[in-house]
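A.B. asks: Now for the letters of each chain:
2 protein chains.
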Amino acid sequence: MITLQRGDSPGKKNKTFQRIAAFLILSSVSALSVMAVPRREEQPLQETALQMLKKGLAEQGAFTLLKKLTAVGSRLTGSPQAATAVELMQKEMQDLGFDSVRLEPTTVGRWIRGDKEEGRIVSQQFGDIPVPVCALGGSIATPEDGITAGVLEVRSIEELKQAGEKAKGKIIFFNRAMNPAYLDTFQSYGEVARLRFAGAVEAARAGGAAALIRSLTLEIDDLPHTGNMAYEPGLPQVPAVAISTRGADRLSEILRNEPEVKFHFQTSCRSLPPVTSHNVMGEIRGAEKPEEIILIGGHLDSWDLSPGAHDDGSGCSQSVEALRLIKELGLKPRRTIRAVLFMDEENGGTGGRDYARSENRKKEIHRLAMESDRGGFLPLGFGVSGPSSVVERLQKIAPLFEPLGLNWIRPGGGGVDIDPLAASGTVLIGLVPDSQRYFEVHHSALDILEKVNPRELELGAVAMAFLAYIIAQEGI
Amino acid sequence: MITLQRGDSPGKKNKTFQRIAAFLILSSVSALSVMAVPRREEQPLQETALQMLKKGLAEQGAFTLLKKLTAVGSRLTGSPQAATAVELMQKEMQDLGFDSVRLEPTTVGRWIRGDKEEGRIVSQQFGDIPVPVCALGGSIATPEDGITAGVLEVRSIEELKQAGEKAKGKIIFFNRAMNPAYLDTFQSYGEVARLRFAGAVEAARAGGAAALIRSLTLEIDDLPHTGNMAYEPGLPQVPAVAISTRGADRLSEILRNEPEVKFHFQTSCRSLPPVTSHNVMGEIRGAEKPEEIILIGGHLDSWDLSPGAHDDGSGCSQSVEALRLIKELGLKPRRTIRAVLFMDEENGGTGGRDYARSENRKKEIHRLAMESDRGGFLPLGFGVSGPSSVVERLQKIAPLFEPLGLNWIRPGGGGVDIDPLAASGTVLIGLVPDSQRYFEVHHSALDILEKVNPRELELGAVAMAFLAYIIAQEGI
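Residue numbers (my numbering), protein chains in the order written: chain A, 1 to 476; chain B, 477 to 952.
Treat the hints with care, as some may be off.
Said to hold, decoys possible - Simulated crosslink set (DSSO-like; lysine-lysine; CA at most 27 Å straight-line):
no., chain 1, residue 1, chain 2, residue 2
1, A, Lys451, B, Lys543
2, B, Lys738, B, Lys592
3, A, Lys289, A, Lys327
4, B, Lys543, B, Lys927
5, A, Lys396, B, Lys872
6, B, Lys543, A, Lys67
7, B, Lys738, B, Lys644
8, A, Lys68, B, Lys927
9, B, Lys803, B, Lys543
10, B, Lys872, A, Lys451
11, B, Lys567, B, Lys531
12, A, Lys289, A, Lys262
13, A, Lys68, A, Lys451
14, B, Lys544, B, Lys872
15, A, Lys289, A, Lys363
16, A, Lys332, A, Lys91
17, A, Lys451, B, Lys738
18, B, Lys738, B, Lys544
To be verified - If you only want the chain A side, here are some residues facing chain B, beta carbon under 8 Å, derived:
no., residue
19, Gln51
20, Ala58
21, Arg176
22, Ala177
23, Pro180
24, Val261
25, Leu404
26, Lys451
27, Glu456
If you're looking for bench data, these hints aren't it; they were derived computationally from the structure. These numbers come from a predicted model, not from an experiment. Backbone N, C-alpha and C define an ideal beta-carbon position, used for all residues, glycine too.
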């Protein structure tokens, strides 16, 4: 029976599936026996998880919505496309029949990139070598004919401080690569993100003419990655750009043999007067305690180099999809589950702050706020910030999420947009997807729909829906 | 301090990382206190895992090797490229300085696709509509001018059996879509794989002229997916092809309004006489019990439509990489850890069977055999087949894998190539990566290097290295 030995022999694989399925059922049941949720809820909760999973994966509503949202284009805070996205998402939530679909205003800063953006290495040995650069969000422009200056390469702010006079008049080239050796690439990002954020300030403090930042990605490629930066009162403002990692490697290589090499770049970005934008929200009103809110959300703005499919089109479409799953399965949450799509996470966080301090919050009690803002990749678990008793209680229900593919609930989590709610005692949760592929696309021209897998995206929506529903039913 | 509220403020993220890191360390330590591994090993094992992770992610040796392997081209059993791949991998293992790098012969069947492969819907209403088809592995060819016949569409073998006389002379169109609603896409695959494997037999039994199988993928696209099939003695042999999912949908749609529509296809595949091929192996000889073997492996052959980057170039490169990590970290396993790259998983499984029954096994005791053959995606856990006491013991050490990103060890697992070792009491383990993206590429022209993420691939190699090393030290 040679054929029964073959790779795809379905009999054998089915047997394995059955064993895995049987194990999953058993392990979930035993998990339930230790959890704090009342026993009468056991069977319905298990069934609810599987209903959400089945409906979500079959319909892939999150991807359908993300396709519409990314078709709007990039959604830089204050841009016309951001306004279009607000209208679109409001209408989508209305069409889905959510309760109290509405906008709340938030006054946001506006920065635009402008038309002109170019960089080149100006080498005695090799002539001019064009390299991809992009202005960092919030940066001032260069003079009209650009900046041309010698280059001081440093790996850290400490190294810059030790350079002393050598920094004067130079373009400060922060060329520290992200460390690939961590499982969690956010750890790699966290180590170097300060160079991008504070590079212009530190360059100015050292007497430099500009800041040139190695793009924050683990890839070696030709795409510059933007992101926010800031100036400090009392210090000169110097222009800041990101350079592609391949460009950074080339410049560094040339610098070794030709320390007097110059770099030239030109940008035309600028800040415009603040404009009124909006957070978008809709909900399923709680049947028993409507004033108690379980918030799920993401941010609607993106950077301008791409439609922000992962960052954070994913979080927005997952939040709306989570509400859709709950509603269309006919579930009646006891507490209100609200989806909020925040404006201006990338450029100032005003949407999140204005949401938290709005007069409208006075009649509401936010029990839980959950954000998805780490890309639409395979969800692995949740990170929780709140009293340790709450974290421990949530950890006890972690096994309920195994049939959805999530294996843990760990302390520490939240999101920029929901963090302002912590002051009023709201428990914060961040959805944690796998991070291996995130920084390839993050803040670059590659953050496009084609980089999102519809199933991975949907699994995040299902996980959010299920956790929101459990807490809406059982409290926290 | 508006800037401190911003999205990428590194201070806040670092704090979260620190909390997560602290939790991971604590949870791993507490896991160790319940595991069966002797206490003196606690610290070294934790450190070993992190050393492997760091070295693997920084060097990404699995992807470097996979790049070389896929450059050989597709590696259909018995093909010249398969022979080239055998030589390449032998040389790579020699260059890495493994012990006892060698080949073991296995006599394999050889099937070739031939030059001609085309399909079309022949409609009265729409004229001829070309659709992508590909012969299934092992199929006979059509007559030289192809087969043109009416179509009977069925969703199952049961439906075909009930069709009775209507099947006579028809092309039997097995058009059952994979169910997208499972978390594990292998479950979806398992439900329908029998239609591909046995479609030609069932078509012949029903008096049909040929079998036309909807490609086994969750995507709707234009790529046909091949795979193995079989004939049964005593029944006529009819040609079998896979049709792309979009082609299948089109044909089904036309059939609804034009039941007399015909389908035409032509193939020129054929089986050639068996040839001698090889399993490739290399090892790190055990310092204390060299005759006890911990086997890690994948299969070196692939289908012919692509270089089999995931299936199973990934498993091969991960197995070699796992050995490299162990060797270059200077670890001295007590038992032998052997990498085996098996030939002919896809077309007969002869490599795995010949390995198990080789005279060379007589002096060896295979304690554990572990296979990676589910794609080079993010590893999630391990599936184990063995005595329940062994499964339980392994489950106790599962928390050791959390810093590597794997969260579970579950009963049920193995691999086609290692399954023949079960008869001699070997514990079998399958590496289980995430399956969301696998069937998009599986057995199609899309199974290419660009579809493999180097970090995800490497994490699988690290997990295999660590588990192999633990068992080499501690026994099973």
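A.B. asks: None of the hints should be skipped; say for each whether it holds.
C.D. replies: Going down the list of hints, with the structure as the test:
no., hint, result
1, A/Lys451 with B/Lys543, "22 Å, holds"
2, B/Lys738 with B/Lys592, "20 Å, holds"
3, A/Lys289 with A/Lys327, "17 Å, holds"
4, B/Lys543 with B/Lys927, "12 Å, holds"
5, A/Lys396 with B/Lys872, "18 Å, holds"
6, B/Lys543 with A/Lys67, "33 Å, violated"
7, B/Lys738 with B/Lys644, "14 Å, holds"
8, A/Lys68 with B/Lys927, "25 Å, holds"
9, B/Lys803 with B/Lys543, "21 Å, holds"
10, B/Lys872 with A/Lys451, "37 Å, violated"
11, B/Lys567 with B/Lys531, "22 Å, holds"
12, A/Lys289 with A/Lys262, "65 Å, violated"
13, A/Lys68 with A/Lys451, "15 Å, holds"
14, B/Lys544 with B/Lys872, "38 Å, violated"
15, A/Lys289 with A/Lys363, "12 Å, holds"
16, A/Lys332 with A/Lys91, "23 Å, holds"
17, A/Lys451 with B/Lys738, "39 Å, violated"
18, B/Lys738 with B/Lys544, "44 Å, violated"
19, Gln51, "10 Å, violated"
20, Ala58, "5 Å, holds"
21, Arg176, "12 Å, violated"
22, Ala177, "11 Å, violated"
23, Pro180, "5 Å, holds"
24, Val261, "29 Å, violated"
25, Leu404, "7 Å, holds"
26, Lys451, "11 Å, violated"
27, Glu456, "5 Å, holds"
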